[in-house]
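Asker: As a plain string of letters, each chain reads:
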Amino acid sequence: MAVADKIREKLTQALGPRVLEIVDESEQHQGHAGARPGGESHFRVKIVSEAFEGLGRVERQRLVNRALAQELSGPVHALAMETRTPAEAAGST
Amino acid sequence: MSENPATSAIKQAISSHDVVLFMKGTPMFPQCGFSQQVVQILSHLGAQFKSVNVLDSDEIREGIKVYSDWPTVPQLYVKNEFVGGCDIVREMFEQGELRDYLAEKGVELVAA
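For the record, the sequence lines run as chains E and G. When you line the first sequence up against the numbering used here, it's residues -11 to 81, in that order. When you line the second sequence up against the numbering used here, it's residues 18 to 129, in that order.
Source of the hints: derived by calculation from the structure; they are not laboratory data. Using N, Cα and C, we set each Cβ at its ideal position, and we do this for glycine too. Mixed in with the good hints there might be a few duds.
Once the Cα atoms are required to be at most 35 Å apart in a straight line, the calculated DSBU-like pairs of lysine-lysine come out as [said to hold, decoys possible]: (1) G:28 x E:-2; (2) G:122 x G:96; (3) E:34 x G:41; (4) G:122 x E:-6; (5) G:67 x E:34; (6) G:28 x G:96; (7) G:41 x G:122.
Chain E side only, calculated, beta carbon under 7 Å to chain G, not exhaustive [said to hold, decoys possible]: (8) 42; (9) 51; (10) 53; (11) 60; (12) 69; (13) 72.
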């Protein structure tokens, strides 16, 4: 299974997100340490989930990092993230 | 889990300086765009910081991930407190919170 699909599957299971966007930004990092020839090393995820309710920034990212612990210790070199609650997402548009 | 040999070096660093950035490379020559962004933000705010190049030591590089329970570098500490990585620092900066946070913690900000 492609890394992006794994990320989608695990985050869906862990967070039941309302919105989940996964962008492979590996191309921007070609030639840089940690980049792999096949891509799928640098990702950006945007998540809107009720699971973030009442949590600070660090705790939110920890939830995501835990869900993706296997990927982060393997193929995924960098994971940028935006973590918002449904209320925050509604307020920002 | 066995005792982490880097723990005492990490504790020493974050307790002996107000602002400590664990990064890849040095502030002059960052080896990673995410580390570079945090350096730029801290410099922009005029915050003096101690940098630790994790590429100099595999023990620190792996140790800081365990110590902070955070899988990626850069990592910012202020007064012994883990603040976050690049996304968090940038978000706090963009929302104007980082300057207040540093000021609240008693970090001196020198106008550039």
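Asker: Does the structure break any of the earlier hints, and which numbers would those be?
Answerer: 4, 8, 9 and 13
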